[in-house]
Structure formats: structure tokens, C-alpha cells
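S.K.: If you want the building blocks of each chain, they are given just below.
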Amino acid sequence: MTPSHSQINSDLLRPLLRTSWKFYAVVTILGGIVVMALVSWLSQMFYGFGISGIRWPVYWGFYVTSFVFWIGISHAGTLISAILRLVDAGWRRPVTRCAEVITVFALMIGAMFPIIHLGRPWLAFWLIPYPSERLIWPNFRSPLVWDFFAINTYLTGSLLFLLLPMIPDFAVVRDKSTGLRRRVYTLLALGWRGTPKQWHRLESAMAIMAIAIVPVAVSVHTIVSFDFSMAPVPMWQSTIFGPYFVAGAIFSGIAGLLIAMAILRRVLHLEQYLHPIHFENLGKLLLVIALLWGYFVFNERLATYYGNEPSEMAVFWRTQRESFAPLYWTMVIGNFVVPLVLMGIKRFRTITGCVIASIGVVVGMWLERFLIIVPSLGHKYLPYSYGIYRPQPVEIIIAGATFAAMALLYVLFVKIVPIISIWELKAGDHQPPPDAHPAAEERRLREQHP
Amino acid sequence: MKAVYALYPDGHSAQQAVSRLHAAGVHDRDITIQSAQPMEDFEFGHRDKATWMWWIACGGGLIGMASALGLAWLTEMSWPIDVGGLPIFAWWPNLIITFELTMLGAILATVVTLVIAARLGRGSDIYDAEVSDGKILVGVVNPSESAVAGLEAALTAPPGAQLKKF
Numbered sequence: 001m002t003p004s005h006s007q008i009n010s011d012l013l014r015p016l017l018r019t020s021w022k023f024y025a026v027v028t029i030l031g032g033i034v035v036m037a038l039v040s041w042l043s044q045m046f047y048g049f050g051i052s053g054i055r056w057p058v059y060w061g062f063y064v065t066s067f068v069f070w071i072g073i074s075h076a077g078t079l080i081s082a083i084l085r086l087v088d089a090g091w092r093r094p095v096t097r098c099a100e101v102i103t104v105f106a107l108m109i110g111a112m113f114p115i116i117h118l119g120r121p122w123l124a125f126w127l128i129p130y131p132s133e134r135l136i137w138p139n140f141r142s143p144l145v146w147d148f149f150a151i152n153t154y155l156t157g158s159l160l161f162l163l164l165p166m167i168p169d170f171a172v173v174r175d176k177s178t179g180l181r182r183r184v185y186t187l188l189a190l191g192w193r194g195t196p197k198q199w200h201r202l203e204s205a206m207a208i209m210a211i212a213i214v215p216v217a218v219s220v221h222t223i224v225s226f227d228f229s230m231a232p233v234p235m236w237q238s239t240i241f242g243p244y245f246v247a248g249a250i251f252s253g254i255a256g257l258l259i260a261m262a263i264l265r266r267v268l269h270l271e272q273y274l275h276p277i278h279f280e281n282l283g284k285l286l287l288v289i290a291l292l293w294g295y296f297v298f299n300e301r302l303a304t305y306y307g308n309e310p311s312e313m314a315v316f317w318r319t320q321r322e323s324f325a326p327l328y329w330t331m332v333i334g335n336f337v338v339p340l341v342l343m344g345i346k347r348f349r350t351i352t353g354c355v356i357a358s359i360g361v362v363v364g365m366w367l368e369r370f371l372i373i374v375p376s377l378g379h380k381y382l383p384y385s386y387g388i389y390r391p392q393p394v395e396i397i398i399a400g401a402t403f404a405a406m407a408l409l410y411v412l413f414v415k416i417v418p419i420i421s422i423w424e425l426k427a428g429d430h431q432p433p434p435d436a437h438p439a440a441e442e443r444r445l446r447e448q449h450p
Numbered sequence: 001m002k003a004v005y006a007l008y009p010d011g012h013s014a015q016q017a018v019s020r021l022h023a024a025g026v027h028d029r030d031i032t033i034q035s036a037q038p039m040e041d042f043e044f045g046h047r048d049k050a051t052w053m054w055w056i057a058c059g060g061g062l063i064g065m066a067s068a069l070g071l072a073w074l075t076e077m078s079w080p081i082d083v084g085g086l087p088i089f090a091w092w093p094n095l096i097i098t099f100e101l102t103m104l105g106a107i108l109a110t111v112v113t114l115v116i117a118a119r120l121g122r123g124s125d126i127y128d129a130e131v132s133d134g135k136i137l138v139g140v141v142n143p144s145e146s147a148v149a150g151l152e153a154a155l156t157a158p159p160g161a162q163l164k165k166f
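Protein chains in written order, with the working numbering: chain A, 1 to 450; chain B, 1 to 166.
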């Protein structure tokens with residue numbers, strides 16, 4: 001049965017208006033882990049970068065792995081949400097905001113890693129192109145500068161893409177709350193009234209931003225892949241890296257979204273809004289991308305094998321059957337075998353099945369980033385550049401704590417904003433007039449019965 | 001009296017009210033409509049649809065593109081970095097930055113246009129919190145005293161109407 005408008009308001013505003021001890025317990029635990037990571041980072045600043053395992057020749061370790069991983073996870077939201085908006089998929093309505101939030105927070109976490117990796121984070125502003133006294137301009141031919149522009153464009157776009165459709169929901173919270181909360185949400189709602197003109201402008205703005213954000217999202221991970229493919233390092237200089245990275249990013253993004261949706265559904269009791277069909281549809285998408293990922297890996301590996309270039313083959317065998325083989329085959333199982341089995345067989349495409357497959361993908365994708373970076377850097381063209389990387393506690397704590405940071409940001413967000421877009425949900429079920437245009441009626445039915 | 005309005009439980013009643021107000025000689029620009037979701041299945045939901053937003057977004061994109069090219073040219077020429085004899089102002093890498101700032105310009109122009117065109121931050125003379133519960137508000141702001149009786153009759157005629165004045 002479709003819930004009434006009052007019930008939608010009541011169900012989706014409940015987490016905002018009521019706070020249980022569980023909320024404080026979760027925030028305390030997650031906050032504690034984040035504080036631990038901050039202390040680790042401060043100790044790295046105090047004692048110097050030497051306490052990390054990053055040293056010649058492996059200058060990129062856990063930090064850059066985590067950077068690439070989180071930028072990949074960010075593709076969950078805005079890209080998927082924008083595509084679903086553009087194709088007018090009715091089932092997207094309860095999913096979009098859950099997804100868009102992941103993008104913003106994952107980008108914020110991902111963008112932290114280059115700063116952590118700098119060693120002297122107080123000089124991070126040197127990345128910004130401005131006419132300084134040092135007369136040193138950023139090199140516009142460096143992929144790291146491209147990263148700066150791409151990530152900031154994507155972050156700005158994603159933040160606005162998330163914020164704009166929140167304005168009508170802030171108005172609902174304004175109307176349903178009292179006291180200080182009401183004053184805060186009155187400011188956030190920006191005087192929203194819901195006139196036809198406001199709805200049209202909002203929908204036009206969302207359509208324009210959806211069109212703009214899709215190529216930006218694709219460009220971001222392509223540019224992240226350029227960090228590698230523009231460098232003369234074995235197994236990095238590959239033309240396939242752009243689409244391979246984009247596919248991997250969408251892959252890990254969908255997995256992250258499925259896990260977040262399953263947790264939200266259970267914890268916030270959103271069973272009436274996040275239906276098994278949403279998980280099944282995203283599960284099918286996960287399956288398609290798993291196949292695409294397998295196709296890219298096969299291409300990359302086969303081309304290297306046929307090329308038979310000695311330095312590339314050395315890295316190839318290190319991952320395939322030597323020291324990195326356990327990680328490599330775990331990645332293949334997590335990214336390919338598990339999603340293929342669980343998402344390929346209909347009876348396993350349940351919420352539990354989706355979550356298990358997604359956990360496999362998240363682990364697999366983190367390993368994939370690690371296996372792209374470390375084996376190649378530790379075995380370049382000449383023997384003087386051979387080396388071993390051993391991650392140290394400071395790196396492990398910081399990289400691990402980012403998952404807690406993500407969860408913490410998500411929990412806090414859910415406390416201040418309805419995690420499902422209230423107005424979009426309502427827009428999907430209002431009754432048309434008896435003489436409604438057949439196309440409008442068809443669209444309404446499609447949205448109600450995806 | 002500042003305003004007379006009515007709340008309706010659904011779009012059909014709201015549409016009837018709007019049609020009756022039209023019949024009573026009230027112009028579209030004098031009728032205020034508010035709802036908790038877009039009502040594009042109804043005629044009144046199509047008011048004020050025309051917008052320049054798409055063109056403004058394109059203009060914002062052009063400004064972003066020009067800024068990117070200007071920034072790249074200015075910085076690269078001010079401090080030329082010779083890398084193996086490659087061009088100082090190189091088109092391929094600059095295309096990436098140009099693309100990103102073009103998109104950023106379009107996005108920012110869209111948001112600014114939304115804020116201005118949707119009159120965000122300025123509120124309105126008439127509002128009822130019941131709109132958030134799914135009611136649809138149809139009303140007239142600052143009607144002349146002589147027209148009030150006619151407006152009330154038009155607004156109360158559709159089923160489920162809840163007349164309010166202030």
C-alpha cells in the first residue's frame with residue numbers, strides 16, 4: 001500500500017525529530033576511531049613521514065590506494081543518481097539521496113589523502129594556482145594539477161546536486177518542527193513555498209546539473225587514472241586505464257550504495273520505502289559492471305602477456321603467482337566470482353545476497369587499487385629501483401579509520417536531513433486528473449510499478 | 001484583508017478552483033498556488049514553465065571555458081616550464097582543465113539562476129504549513145474588498161475546500 005503524505009512525513013522525519021541513546025553510542029564509537037586516526041596523523045606530522053612505510057622506491061602506499069579507492073566510491077552517488085534522473089527511472093526516488101550523500105562524503109575523504117600524503121599538510125595551498133611571491137606556478141601539464149581541478153569541480157557539483165533537492169525537504173522539516181530547530185530549518189529552506197515556478201526552476205536546474213555532472217564524473221576517474229598511465233612505470237602506461245578506472249569506480253560505488261541502503265533500511269525501519277526491487281535492480285547493475293570489470297582485467301592482462309616486455313612481465317608474475325598472488329586472487333574472487341554467483345542467480349539476488357556481494361566488491365576494489373600501485377612501484381625498470389613496501393601502523397590506522405569517518409558523517413547527515421527525498425517520493429504517487437494525458441498516466445504507472 | 005485562500009486535498013479540486021478563479025476574471029499572475037510536490041499532471045502545474053535557465057547555463061559554461069583558457073595561458077606564459085622541448089602552452093593537457101572549468105561555470109550559473117528565478121530567500125506573502133501534509137493552496141493576495149465575496153465563492157465551490165483568510 002502506498003503511504004499517505006502524512007505518513008511519509010512522519011516516517012522520514014522520525015530520525016531527525018527523535019534521538020535515542022543508540023545514536024549517541026554510535027557517534028561516540030565512530031568518533032573515537034576518527035580521533036585515533038587524527039592522533040596518528042598528528043604523530044606523523046610531529047615525528048616526520050619516516051614513521052610511515054612509504055620510502056624509496058614505493059612512494060605511494062596505503063594513502064594513495066585509499067585516495068583512489070574513495071574517489072571511486074564517490075561514483076556511487078551523483079553519477080548513478082544523475083543517470084537515473086535523466087532516464088526518468090521511477091524507482092530511483094528513494095535511492096538518489098542515499099547515493100548522492102555517499103559521493104560528497106567519499107570525495108571529501110578521498111581529497112584528504114593527497115594532503116595527508118604531502119607530509120607537510122600546511123603547505124597544501126601550494127597546489128592552488130595563484131600568483132604567489134614564490135613565482136612557482138602549478139605545472140598545468142601535470143596530472144596532479146588536473147586532479148585538483150577535476151576533484152574540486154566534481155565536489156562542488158556533487159554538493160550542489162545534493163543540496164538543491166534538499167531545499168523542499170528543509171521546508172517540510174521547518175513546518176513540522178518548533179523552537180530552535182524550526183529557526184534553523186527556516187534559514188535552510190530559503191523561503192521555499194512550493195509554487196509551480198519554484199518546482200519548474202528546481203527541476204530544470206536538476207536536469208541541467210544531471211547533464212553536466214555525468215561527463216564530469218567520468219572525467220574525474222579518468223584523470224585519476226592518468227596519475228598512473230602518464231608515468232613510465234611497468235603496467236601503468238596503458239590506454240585502457242581510463243575506462244578501466246571509471247568502470248571500477250562505478251563498481252565500487254554501487255557496492256557502497258547497496259551496503260549503505262541495507263543498513264539504513266534496517267536501522268531506520270525504511271522497509272516501506274526501500275523495497276527488495278531497489279536492491280534487485282542495483283544488484284543487476286552490479287552484475288553487469290562485474291562482467292565489465294572482468295573484461296577490462298582480461299584485456300589488460302592479455303595485452304601485457306602478449307607484449308612480453310621483461311619489466312612488465314616481472315610485475316605481472318609478482319601479482320599472478322608470486323608475493324602478491326594471495327591479494328590478487330582475493331581481488332578476483334571478491335570482484336568477479338562472488339558478484340557473478342550471487343547476482344547472476346536470481347534466488348541469491350536478495351538484500352542479504354546484495355550486501356555479501358557488495359562487501360566482496362568493496363574489499364576487492366581496495367585490493368585492486370593497492371595492486372595497481374605497489375607491485376609496479378616496487379619493481380620498475382632497473383634493479384636499483386626494486387624495493388619492498390611494508391605499511392606501518394600509522395598508515396593502517398588512518399586508512400582503516402576512513403571507513404569509520406564515512407559512517408560517522410553518514411550518521412550525522414541522517415540526523416539532520418531526511419535520507420529519502422520526501423518531495424520526490426510524494427511526486428511519484430500523486431493522482432492524475434481523469435483526463436490526464438496518456439503519456440503522463442503511463443509515466444505514473446511506470447513509477448508506481450517499476 | 002491581505003489574502004484569501006483555500007486548501008485542497010488533491011489536484012482535481014485545486015484545478016477546479018483555479019479554473020473558477022479564471023472564470024471570475026482573476027489573472028494567472030494574481031493567483032498563488034503552492035504544493036508539496038510538482039503537479040505536472042494538472043494544467044495549473046504548467047504555469048511559469050518557460051525559462052532561460054538552459055541558455056544561462058550555456059553562458060556560464062562559456063565564461064568558465066574562457067576563464068580556464070585565460071588562467072592556463074597566463075600562468076604558463078608567466079612562468080614557462082620547458083619539459084623536453086614540448087610546447088609551453090600545450091593544448092592537450094589544457095583541454096582537461098578547460099573542460100572542468102566549463103562544466104563548473106555551467107553548474108554555478110545554473111544554481112545562481114535558480115536562486116534568483118525561483119525567488120529563493122525572499123519568501124512570499126501567503127503560506128500555510130498544511131501544504132507540507134499534501135494540501136494544495138490556491139489563493140489571491142491583496143484582493144480588492146469588492147472582489148472578496150466572489151473569490152470566496154470560487155474558492156469554496158470545489159469539493160474538500162478549506163477556506164482561510166488573513
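Read the hints as simulated data drawn from the structure, not as lab findings.
Being a predicted model, the structure only gives us computed values, none of them experimental.
Misleading hints may appear alongside valid ones.
[Unchecked claim] Dumping the calculated DMTMM-like pairs for lysine to aspartate or glutamate here, alpha-carbon to alpha-carbon at most 25 Å: (1) B:LYS165 x B:ASP128; (2) A:LYS284 x A:GLU424; (3) B:LYS2 x A:GLU424; (4) A:LYS176 x B:ASP28.
[As the list claims (entries may be wrong)] A few chain A residues facing chain B, derived, Cβ under 7 Å: (5) THR153; (6) VAL172; (7) THR178; (8) TRP199; (9) HIS200; (10) PRO276; (11) GLU280.
[What the hints assert, rightly or not] Short derived list, chain B residues pointing at chain A, Cβ under 10 Å: (12) SER132; (13) VAL148; (14) LEU163; (15) LYS165.
C-beta: ideal position from N, C-alpha, C; glycine also.
S.K.: Each hint needs a verdict: does it hold in this structure or not?
M.R.: Now the hints, each set against the structure:
In summary, the hint linking B:LYS165 to B:ASP128 is supported, as the alpha carbons are separated by about 11 Å, within the 25 Å threshold. About 24 Å separates the Cα atoms of A:LYS284 and A:GLU424, which keeps this hinted pair within 25 Å; it holds. For the proposed pair B:LYS2 and A:GLU424, the alpha carbon gap of about 32 Å is over 25 Å, so the pair is violated. For a cut-off of 25 Å, the pair hint linking A:LYS176 to B:ASP28 is broken: about 30 Å separates their Cα positions.
Taking 7 Å as the C-beta contact cut-off toward chain B, the hint placing A:THR153 at the interface holds, the least distance being around 4 Å. The criterion of a C-beta within 7 Å of any C-beta in chain B is met by A:VAL172, whose closest approach is roughly 5 Å, and the hint holds. Checking A:THR178 against chain B: minimum C-beta separation of about 11 Å lies over 7 Å; hint violated. Interface restraint check: A:TRP199 against chain B, minimum CB-CB distance 4 Å, threshold 7 Å, status holds.
Of the supplied interface hints, the one on A:HIS200 holds, with its beta-carbon coming within about 5 Å of a beta-carbon of chain B, less than 7 Å. For A:PRO276, the shortest C-beta to C-beta distance to chain B is roughly 25 Å, which exceeds 7 Å, and the interface hint is violated. Hint on A:GLU280 is violated. Least Cβ distance to chain B is approximately 26 Å, over the 7 Å limit. At its closest, the beta carbon of B:SER132 sits 4 Å from a beta carbon of chain A; the interface hint therefore holds under the 10 Å criterion.
Because the beta carbon of B:VAL148 sits about 22 Å from the nearest beta carbon in chain A, more than 10 Å, this interface hint is broken. Proximity of B:LEU163 to chain A is violated relative to the hint, the smallest CB-CB distance being about 19 Å (cut-off 10 Å). A hinted interface residue such as B:LYS165 counts as satisfied when its beta carbon comes closer than 10 Å to some beta carbon of chain A; here the least separation is about 18 Å, so the hint is violated.
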